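A.B. asks: Letter by letter, the chains look like this.
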Amino acid sequence: MTSKRSPSNKQPHIPHQKYPTNIQNKNYPYSWSMWRLIIPLCLQTGLILAIAAPNMYTYFIGKTVVLQTNPIDPYDWLQAHSLEMDFPFIHTDTLKKLSGWKELVRQYPGSDKLYYPLAEGTEFYLTLQQPTTADPNSTNTAWQAIAITSQFPTNLAVNQVAIKGYYNHGSVDYKIGVYRILPTLHQQMQSNPMLVKKIRSGKTQPMLVTIKVSPQGHIVPIQMQVGDRIYRF
Amino acid sequence: MKLDKFRLALRHEAQTWCDEGIISSDQYQQLASRYQFEQVDHGRGMGELGKSTLLGVIRDASSLWLIALGSAFVGVGMILFAIASWNGLAHAFKVILLLGVLFLINSLGFWLWRGHFSAVNSLALRRQFIGKSLILLGWFVLAVNILVSNQEFNLQLSQTQIFLLTAMGGFFIAFSLGFTFLGLLSLGLFTLAYWLGISDGAEFAANTTNWSAFLIQHLHLLILVGGGGLAYSCRSRLIFTTTAILFTWIFAVNISNLTISNNIPLINLEMIKTGIIILIPPTIFWSFDDASFKIYNLYNPSATRLNLFSNLSRTLALLMLSSWFYLFSWQSFWQTQPLQFLQAFNNRQPNLIPVNLFNFFDLLILLALISWQLWFRWCVQDNQQKRLGQDAVVVGLIFVAASAPFLSRLPVDIKAIFFNSLLAGMGVAILGYGILSWRRLPFWGGVVLLALQITSRVGEYTNNLVAIALTLIGCGLGMTLAGIWFEGSTRSMYYSPRP
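Read top to bottom, the protein sequences are chains A and B.
Residue numbers for the first sequence, in this note's numbering: -14 to 218.
Residue numbers for the second sequence, in this note's numbering: 8 to 506.
Source of the hints: derived by calculation from the structure; they are not laboratory data.
Given the structure is predicted, the values throughout are model-derived calculations rather than measurements.
Cβ atoms here follow ideal geometry from the backbone N, Cα and C, with glycine treated the same way.
Worth double-checking, as some hints may not be accurate.
Unchecked claim - Here are the simulated distance ranges between beta carbons: (1) Ile103/B with Val163/A: 16 to 26 Å; (2) His154/A with Trp382/B: 19 to 29 Å; (3) Ser156/A with Gly236/B: 35 to 45 Å.
Stated by the list, open to error - Partial list, derived from the structure: chain B residues whose beta carbon lies under 8 Å from chain A: (4) Leu106; (5) Phe110; (6) Leu162; (7) Leu164; (8) Gln166; (9) Leu172.
Stated by the list, open to error - Straight-line Cα separation of at most 20 Å, SDA-like style, residue types lysine to any residue; simulated pairs: (10) Lys139/B with Ile24/A; (11) Lys197/A with Asn161/B; (12) Lys160/A with Lys139/B.
Next up, chain A with everything else stripped away, as it sits in the complex (with noise of 0.2 Å):
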């Protein structure tokens, strides 16, 4: 293809085009610029940091919360490789108790009244207060849940926070996530069998996790506690 370009005439000469236009001629000039794998790789590190991001910001800024789970037989805990944590909130027998859970049903109605009650993935704020601490030797740290909203609650008092939540299948998911037991757990523990004679013999007790809340209900988990041992994420 060839332009005869003289002053007079501005047009560009459009040559005879053969039908059907060939088009796989690409004309990559010899030497592509570094940019072009620069830029799109900057783009996928962007992509990869920005989905940690909200991680990185709760974990920095946000407000530091207990909570505490429904008793854990300890058998698990030497036998899987994830433990989930069962808070009471997750179930939706608890919701019900809790003011704001008739609106929330009303507005999004699920397939079944008594084992889908609300719409599937329907997202809705908890409300998390916590406890008085008029007693300073109480065992009883954790925050309970108060109240449910369909919006992020305007007006919540300082000893208050809320956290975001999904129904999923007729429970609850907030995102906490699971604890991952790591192979180095499991071989710490074989390598201590007066650990896992007291883990054994130990009844049932609850667990208390550490979380971080964000100022828009995200969460972050820090740590775990059973008895006396503290477990980090």
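Chain A is already provided as a structure; the job is to place chain B on it using the hints.
C.D. replies: Same frame as chain A, now just chain B:
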């Protein structure tokens, strides 16, 4: 090896010619510089012809094998080290390590590919191929990066989100490097993510605000813009077609999942949604005409018109339109509940998304795109009358097709006859256009359309197998004769310009 042997032989012969006076010493120098005779001795350290031929080959081969074996050992050792000490590493260190691997592999692939664009010999082609495969490997490394970050930082990404992220990463590289295969894979992964998103339900729930829900609800727009850009970057018709198909499907599903929150009784929402689904995709593709774009191509300064996809996109629009007409020409379609085929798109019946500002804005963007494209098309001066005429007819037909859901009151016979005649008219028009401009695609398109219409009408209205058989034979004979006549004519269709 062959090149070196050839060079050795040529050098020997050229020296003989120079000695005998067949070529002058200037010409010998020209040959020497062109075929790089001095490189024959370069890696060997031996000047003798006989020894360098045999031992040099062996030495090259063995050194290569040793180097390859050594680097394989190093690589396997490093991987094993990483696996063994995986759990002991800190979170951030793992991510940085993996990011480093990502950068390394992509750079290697890019360097290999870029250095060998002018593939004149098999070695360069092989290097190009290895470079491209390394970039694909780099894409998998990106996926591994995302998975490991997900685990380490406890991110709770859903499967849909992981697929979306990987697809976006692949899309960036494919767009920047013009890598068709990777572009296709990324589009496929977007589709997979969408499929997961709509069947899983979490992304289509009533009031979710996470980013993947937003992305999935507006994926049709992103695929249109992104896939279009990718098609231009890779100069690939396949990507354009895939984008068109994906856009149509995703748009249909997204629109069919909308609802208006407080039901206004006068508007029948299902009809409007079906009408929109039929109306918008063919119009977008019909009005897309890049022959009127004046783009100054950086690499090839003489080309100012970028006429890549206008034929393809018009063909796609006509294909969509004719398939709608074909569907509407069946009487059994009108006899059953005609809007029920929309249910095939909509599998989240209780969970429709209320029309909010963003969805409406989406639709407005598409309409603006259509009008801009049409205006652009109509502003070009040459062939304006013909173009206006064509556009008026086709857009009119698209509107007629889009009005089909609203015609539920009319008797079935009239609707069937109407759409049948429209289909026949379209077939004849396309066929005639193909004959007039001697282009193969419209000709065959028209023939197939007419034949399909005739056979399906006969198949629908009679149970008489003899009649059906006779029709099929007749159609087949007609097609064969028409094809022979068309191909055998002296005016070759490859060299006539597109009007």
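A.B. asks: Taking the hints in turn, state whether each one holds.
C.D. replies: Evaluation of the provided hints:
The beta-carbon spacing between Ile103/B and Val163/A, approximately 25 Å, falls within the hinted interval of 16 to 26 Å. Remark: the range hint 19 to 29 Å for His154/A to Trp382/B is contradicted by a beta-carbon distance near 50 Å. Checked against the hint of 35 to 45 Å, the pair Ser156/A and Gly236/B passes, with Cβ atoms roughly 42 Å apart. For Leu106/B, the shortest C-beta to C-beta distance to chain A is roughly 6 Å, which falls under 8 Å, so the interface hint holds.
The restraint placing Phe110/B at the interface with chain A holds, with a minimum CB-CB distance near 6 Å, inside the 8 Å limit. This hint holds: Leu162/B has a C-beta 6 Å from the nearest C-beta of chain A, less than the 8 Å allowed. Below 8 Å, beta-carbon pairs count as interface contacts, and Leu164/B has one with chain A at about 7 Å; its hint therefore holds. With a cut of 8 Å, the hint placing Gln166/B at the interface with chain A is violated, because the nearest CB-to-CB distance is about 14 Å.
For Leu172/B, the suggested interface contact is upheld, since its CB lies about 6 Å from the closest CB of chain A, less than 8 Å. Distance check on the hinted pair: Lys139/B and Ile24/A sit about 18 Å apart at the alpha-carbon level, within 20 Å; holds. Taking the CA atoms of Lys197/A and Asn161/B, the gap is near 13 Å; set against the 20 Å cutoff, the hint holds. A distance of roughly 39 Å separates the Cα atoms of Lys160/A and Lys139/B; the hinted pair therefore is violated under the 20 Å criterion.
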